[in-house]
Amino acid sequence: MGMFDGIAGFGVTFSTMFKKVVTEEYPLVKKVTAPRYHGRHQLNRHPDGLEKCVGCELCAWACPADAIYVEGGDNTPEARFSPGERYGAIYQINYLRCIGCGLCIEACPTRSLTMTNEYELADDDRQDLIYTKDMLLAPLLPGMEQPPHPMRLGDDEQDYYVQGPEMAKRGLEQAGEHDLDTDNRAGANALPGAALVGKAPEDQR
Amino acid sequence: MTQAPEQEAPPVPEGHVRLTIDGRTVDAPKGEILIRTCERLGIVVPRFCDHPLLEPAGACRQCLVEVEMGGRPMPKPQASCTMTVADGMVVKTQVTSAVADKAQQGVMELLLINHPLDCPICDKGGECPLQNQAMSSGRAESRFHEHKRTFEKPLPISDEVLLDRERCVLCQRCTRFSDQIAGDPFIELLERGAHQQIGTEETAWGAGEEFQSYFSGNTIQICPVGALTSASYRFRSRPFDLVSTPGQCEHCASGCSTRRDWRRGGVTRVLAGEEPTVNEEWLCDKGRFAFRYPASPQRVLQPMVREDGVLTPVPWVDALERAATLLAGARDGRGEPRTGEDGEELAPKRGVGVLPGGRLTVEDAYAYAKFARLALHTNDVDQRARAHSDEELDFLAGHVAGVAPSHVSYAHLEAARTVLCVAFDPEEESPIVFLRLRKAARHGTRVVHVGSWTTPAVVKTGGHLLAAVPGEEPAALADLPDDLAAALAAPGAVVLVGERAAEVPGLLTAVSELGARTGARIAWVPRRAGERGGVDAGALPTLLPGARRVDDADAREAVAAVWGVPSLPAAPGRDLTAMLTAARDGELAGLVLGGVELADLPDPDLARAALAEADVVISLEQVLSEVTEHADVVLPVAPAVNRSGTYRNWEGRDRPFATTIDPGQGGSGRVGGTAAVTLPDCRVLDSLAVEMDVDLFTQTPQAAAAELAELGTVAVTPSTPATRPSSPDVSDGTRLTSDDSSGPPLTGRVRLATWRQLIDGGALLAEETDLPGTARPPRLRVAAGTAERLGLVAGEPARLGDTLDLVVELADLPADVVWAPSHVPVPGGVVTLAGLGLGHGDLVDVAAPVAAAVAPVVAHGEPQ
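Taken in order, these protein sequences are the chains called A and B.
For what it's worth, the numbering used here labels the leading residue of the first sequence as 1, then goes sequentially.
For what it's worth, the numbering used here labels the leading residue of the second sequence as 1, then goes sequentially.
These are calculated hints, taken from the structure and not from any lab test.
For glycine and all other residues, C-beta sits at the position ideal for the given N, C-alpha and C.
Just to be clear, a hint being listed does not mean it is correct.
Derived Cβ-Cβ restraints for the label pairs, each shown as a range [unchecked claim]:
| no. | chain 1 | residue 1 | chain 2 | residue 2 | range |
| --- | --- | --- | --- | --- | --- |
| 1 | A | Lys20 | B | Asn132 | 56 to 64 angstroms |
| 2 | A | Pro77 | B | Ala794 | 30 to 38 angstroms |
| 3 | B | Arg442 | A | Arg97 | 52 to 60 angstroms |
| 4 | B | His147 | A | Leu129 | 42 to 50 angstroms |
| 5 | B | Pro156 | A | Leu129 | 37 to 45 angstroms |
| 6 | B | Asp662 | A | Glu106 | 30 to 38 angstroms |
Isolated chain A, as found in the complex (with noise of 0.2 angstroms):
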């Protein structure tokens, strides 16, 4: 028995001392995400606050586990949600069953379905955890108009779509740079049309 072996038993305590800390101060300090981690979805809007979201259930489709429940619905003369003939009149998504996948983000035809870094998904309550349209559809900016409205962009959804790039990048210059991280909530992409303004339908056909 040497005389150090009193103090070898705390080897590791004392390097450890010296070492990096890897505690999280969560939830006093939030952990800032990888800048294309699969949190909370969203559904975006148009500039002008028209949803892009056309109910086609193509993210329902796609979802391995089940979790996206969408209804299509009629736009009419008197109450337009989105450009074109169809909107999403129901759509839910189950956070219970959600994985994260990102399946149906890729599967969305306009793009109106993005994830957000928001990860702070949990509750005690089940029903709670099954967010609807009203909770997943991304923040009226400035510039843009609760639906239903006609639409103020053109006169039928191509112009929407082919000009959709254009009327996004007017839409960040009239909104304002700043605009961009007001919304804490929204995380990252919380601009509408963010996401499109790299890419162009055009690249995308």
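Go by the hints and put chain B onto chain A.
Same frame as chain A, now just chain B:
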């Protein structure tokens, strides 16, 4: 490897040819279309325009294959959907031929030139032949970079069908269907070349006749792209999240197979099922679009008992106990002793009558029949919620009960040389029978209608009308033209008689005599889905289950033995009118009613008085109705989608169906936000009988069906004169009294012909908003001469009776005869001619309305 010894090829069968497809030798019947032969070999050639029930068109060119005839290859690929097989033909499909494959890819590229890329919002997306075949036979890249052709969309063809011309590939399935099958030319090919498009008269000229077809929904189903879509299903869901369950149509006695697509406890659409022996692949618009009634806010979901005059929801146990106590008391006459008008004491009311209604499954009708006999000790059970007569009971016993489809079936109609329709407008009363008659007529069958005017059904089945004044149809049948009588005497001739024959005294006897005289086979085609099964199940006052007569002691004994009771009531029961009269007059203490609409009855006012007077009224209903207003106990029963059972169609063919949406499975049976577990009628009656210490053993439709099968059917040979009814006494007929039929009609008094139209505001159409738009508008039809005499003008309203205003339309009726539909939809309900005291063959007043003293009931041209 040893070579198998070469075998001598077997000889080509008679009437066949031998050809080679993709290297395989095949024998095909002469005249078969190449694409069918490929199908039989399991080779799928892509196609859009080809449909087995439509004539070949060769419109889409997608089915190109390489063909070699007599050793010489044809210069270009050929369309396999228009080419018939020939001996020695060598065919190479896209499976073995690069030329055919390239040709098909080229055609697909062409078809997609103008097809929009809107699959995500298209209702056809996910079940679209164009989508599928673009993947299987198309190229990923298109060489077309110009602008696609655009049209205004969608174009409403009718209230039910929407046309999106951008998506159309001009296969002409829809136009061929409307021309060849339905006979309602409502859409056509317009324009030429690159401008060619499907359109209506309205799109072509800016205005046109309003289009009505009872079969327009079929074009939606056969459209191979999303060009024709359903207004009621529009954007409701995607094919891949629907559960498809086979079902049976509950709307009429045609017995169509359907496919019900449902989601979240509700049916989203109904499609025609494939049933070659019955409906082929077609379905009428009523069967296709009328499915929302189970979601009615008027649905009864809980048993209710009347407390202090108000229906109050109670648990099943309490409701059944209450109903059983009331029924037992009424049955045994334990009510209060009555006092007569002169103050003398009368015997208390006694007995309970059963009115099951005509919409039941065979099992339910059997449960009602058994319930009446065992629990209520009576034969007072009559399912006929419509005009009826004793003569009809004899006819049903002699010609209908227990008759199998081998007597007359759809196949017989198609094969017959001559079909005579008596008191039966097939298009209005049994649309699929109409389609088959039209198919037969197109192939040479002579379809003759005994009726009062050339209805659309008469026109579309060859135009043979044997005009008869309403009420005098028996005389017309007795005195048929010689050539028609001779044609009916030929083998295979069929006489179809409708349920409204009971309205004309002597008509059913005349039909029986015609059958005996000519040897033509007689078939009875009722309107409602349950009528035919009810006849076999014994839901009639003179018939026991299995075509046994109540007045036959041996038959009673046989049934009693199976039912395990010593005896059955021997006295024939009362019919519906007699029961209601007895109830009104205070002789009958109680009534048990199934799905009966008072407005459908021959005398609605009598029914209302009877229900008000009866001590005990038990109602088994799906929705709150006029009957439940009078009911002491309301017991909810399940609609067809929430239960299983069997309908028996007019042929006598069993059409079994399984539960579509099981209300017991979690929340999937939710209706209107309430978990609704409703039970079939037979189960409810079984439980009710148990409370009355009687066992019906009809807990499930399966148990009831098994017992009915055990009872069997007594041998029936319907065309043998010995089993025909003796000539019934028709002198009690109320329609033709002596002063009615003698002398020339008084001014303004004319004879009325009437029957019901297919879509006329019936109870099962309650929740439909789009369907009434395609209904035929109710019109008063009259001959030009009569109209002139009465001072009526075509297109202007005329007043029928005292209150009903209908727009006049000229037709080829006999002189001094008018026709009006029996049910006239008006805002907020229906007006029935029976409710106005008018029936087929009656004399009525018709005049141009003058400033009215009575507030008129105006029937709208387009019912709401």
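(request) Compare the structure with the hints numbered earlier in the document and write down the numbers of the violated ones, lowest to highest. (result) none
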